[in-house]
Each structure stands twice: as structure tokens, then as C-alpha cells.
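In this text, residue positions in the sequence shown follow my numbering: the first is 1, and each later residue adds one.
Because the hints were derived from the structure by calculation, they are not lab data.
The hints are all genuine.
For lysine-lysine, the following DSBU-like pairs were computed, each having C-alpha atoms within a straight-line distance of at most 35 Å:
(1) Lys248 x Lys270
(2) Lys255 x Lys128
(3) Lys175 x Lys270
(4) Lys128 x Lys248
(5) Lys175 x Lys248
(6) Lys175 x Lys128
(7) Lys270 x Lys255
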Amino acid sequence: MAGSNVTALFRASTAHSPSYFTLNREGAGAAGEITDFCIPCNPYFPTPAMFDELGSRLREILTYYPSSADTITAELCQVLGLNPQTVAMGNGSTELITWIDHLLVHESLAVPVPTFGRWTDQPMETGKRVDMLLLPEAHGFGLDTESFVRFIRTRGSRAAVICNPNNPDGGFLPKQQVLALLDALQDLDLVVVDESFLEFADAEPEPSVAAEAVLRTNVIVLRSLGKNFGLHGVRFGYLVSNPGLAGKVRAALPKWNLNSFAETVVFMLKGHRQEYTESIQRSRRDREEMTWRLSQLPGLTVYPSQGNFVYVRLPAGADGTVLRDRLLSEQGVLVRDCANKVGSSSRFLRLVVRPQQDVSRLISALEQVLYGQLLQAPEAAWTPRPQRFAQVPMSAPQSLPPEQLQHAPAAMLARDTQQTVSPHGLGPVPAQGRPPNTALPGAMARGYTSGTAAVDRLVSGA
1 MAGSNVTALF RASTAHSPSY FTLNREGAGA AGEITDFCIP CNPYFPTPAM FDELGSRLRE
61 ILTYYPSSAD TITAELCQVL GLNPQTVAMG NGSTELITWI DHLLVHESLA VPVPTFGRWT
121 DQPMETGKRV DMLLLPEAHG FGLDTESFVR FIRTRGSRAA VICNPNNPDG GFLPKQQVLA
181 LLDALQDLDL VVVDESFLEF ADAEPEPSVA AEAVLRTNVI VLRSLGKNFG LHGVRFGYLV
241 SNPGLAGKVR AALPKWNLNS FAETVVFMLK GHRQEYTESI QRSRRDREEM TWRLSQLPGL
301 TVYPSQGNFV YVRLPAGADG TVLRDRLLSE QGVLVRDCAN KVGSSSRFLR LVVRPQQDVS
361 RLISALEQVL YGQLLQAPEA AWTPRPQRFA QVPMSAPQSL PPEQLQHAPA AMLARDTQQT
421 VSPHGLGPVP AQGRPPNTAL PGAMARGYTS GTAAVDRLVS GA
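With the hints as constraints, model all of the structure from the sequences given.
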């Protein structure tokens, strides 16, 4: 597929990337094969045997109506140990976000950015005021909860949302900090903790606040199933809250909002708990290795993540939109550039955690498109480390001036702090004594031309 056609596909889908099916229909990628680092779901679940079972039941799944949402919810709650009166299931978490906005967000919503786009876009589409707190790049996009509370008080926001881990950067708040935030905001109409990616976190044993949410009058915890179970196409998620809030959402949901695929998968879960647990553990190990391998690329800043994705800042002069298009059209590798995320820019990519062989393809593609040659030796070894990633120090976030909100992504383009990456993937470390345009090895020193002017300037040290 020509590069211009690839660009047109992405520009036609401004809020999110075009679907995998659209790209395949249009012939994007090398030989029509795409290695997907864009859509964040579990690559190890369902197991091949589970897919075989689903395939053998395809006719009945597609032929018959599903059971009621109450029946499917009751089964899910039995598997997860939840009270059905505190749960509402939706046709994907985005359906629940829509109903939360319509039913429970009345005036304004405070949200740190960058974050999942529906938390900013959905309330604006219904005429709410969205108060956006800019997370500081200089401190790893970490959320300082006390600063967030002060921001909410200053703006007079009536509802608030945090994502934990945050999307796109994977930033994580320990459970006690989240609970302290909920205590400080108990007078608001609503506080949502979006835990869509929390299953992939390993920073503490029990990080969810779902059990505490049911005891509070204004708290909703949102959870995803498609991401955890590797089944984005099924579209199912759920929320947990006190029975009053959960019942209000359940009453508004359409009849048969859950499909037969969702029902079939939910009723299969009880017999496959061990495989699911192992799949999450493998994804966590893959995240650590992938972070380490990415951190070996010259000029690439890798931020610590507790999600099943890694947020990276490209070398100075590299444009994520151009890189995205070339990776897809020349290498068959699909990545998520963050140019259209408020609070981010085209300097950043979100890369989904995938198995080692796929990461090798990603690394090779990045090396060839960014630098013009393979840099990492095939025999370069990674060994797991017992300690977890260090937390990036946090300071007071900056609020985004109202006049910049509409053009926030462009406003972020000028930010460019000189940073390098710890060789052990411990997050951004200030560069000390490193010249701003250190020459890169190999073909770049021999006059290599990438075809992208900004990358060529980086390569030549100009």
C-alpha cells in the first residue's frame, strides 16, 4: 500500500486508529500481514483450545439470542466473587462511559491528560465542561493526587476521573493513594476510577479499589474484559459501585446489550482460570523484557508502565506520524502514535506489549526506519530482574490553559527536554554530560538518508 493511502486511512479516523480489518482490506502492511502493536489486548488468552471450542460452536453462537444481561452478569459475578447488585455489564467499557456521562455527569468533569480519549471526548460531545490537568512530561506523566484535588477545587469540577494504570503512559497509583483521593473527593457528584488495564499491574498484590467502591456513594470502578481476555471484538466490560449507582446504569442499558459471544466466553471462564492467570503473568514478563529492549535504542525515552503497553518518546527530530506510516507500509508493523491525544504529541508512541518474536520484529523495524540499519545484536540477552521498575518522582502537575485546550496536541510539540534512558529500564533519567546530538553508529555516520528530513537531521547531528 502506498504511504499516502496509509496516511489517509489514519486521518479519516481522527480519534482512534483505523481498525485492523480496515487496514487489512486496504492491503496495508507487508504482504498483507500486520504485526499489531496498536490494540492493547492479551496475546495469550483465550488459549488455542478455547478458540477451537468457540469455533466449533460458531453456528449456535451466531444463530441464537443471548441470555439476558442479568444472567450473564450473575455468572461473571460468581467467577469474580462480586455481588450482582453492585455490577453493570456493558457492550464494551465505552458503552458504560457513555451512560455514565449521560446519567451521572451533570456539569463538569476533571480529568488528567493525556489519558483515554473517551473520558475527554464523551462529556464534551454532550456539552459538559471538561477540566483537563496536564501531567508533566518532566516527571514521567505521574499524577500527584494532592495537586489534582487542588485543581478540582480551583475549577469547581463536579465529577472526576482517573485511569489506573493510565492510558497511554501506563502510570500507576498505589491503592492507598487512590483511596486517599476518593476520601478527599467524597463531596463530588461522581468519581470514576478506570481500572481497564489493572489486571496487568504487578506493583502491589491487590491494587483494585472495587471492594471499597461499593461502600461509597459517589464512586464507580470501571473494568474491561476485552483487554484482559484478548477479545476486543467481543465488546464486554463492567462497572462496580454501590447498588444505587449500579442499578441506575443497569436500568438505562438496552435489552440484549450483551451478545452471544460475550455470554459464551463468560461461561467458559470458570474452567480456564489457571490459563488466564498464566497469560497475565506472561504478559507482565513480556512488558519488562520489551521495556529493556526498547531502552537500548539510541535517543528513545521509555517510561515505566504497569499496563500492557509501553509509552515512548522518540529521538529529537523524529515525527511519530511519519514513523507510524512508514512502519506500516514498509515493515507491516502497526503502532499507535499519540499526536491526536490531548496532552501528548507526535513525539510519542504507545506500543502494546507482545511476545518476544513480535518485539524482535518491532525493534528491527524501528532500527531500519529510524536509523537505517540493525543496531541490536541478535544474541543480546535479557534476564529478568527481581526488583520492579522504580517509580518516577512526581511533582505538581500543570493545568492546561483554557486557550490551549482546543489545540493541545500542537501546543505540546515544542516540549523537548534532554533525557536519556537508564540501561535497566528504570524510567527517564536526566542526561548528564551528553552532547545534545550524539552521533549514532554505522550507516548513519556514512551519510545514510532515511527519506525523512527530520530523522536525517537527527542522524547527521545537524
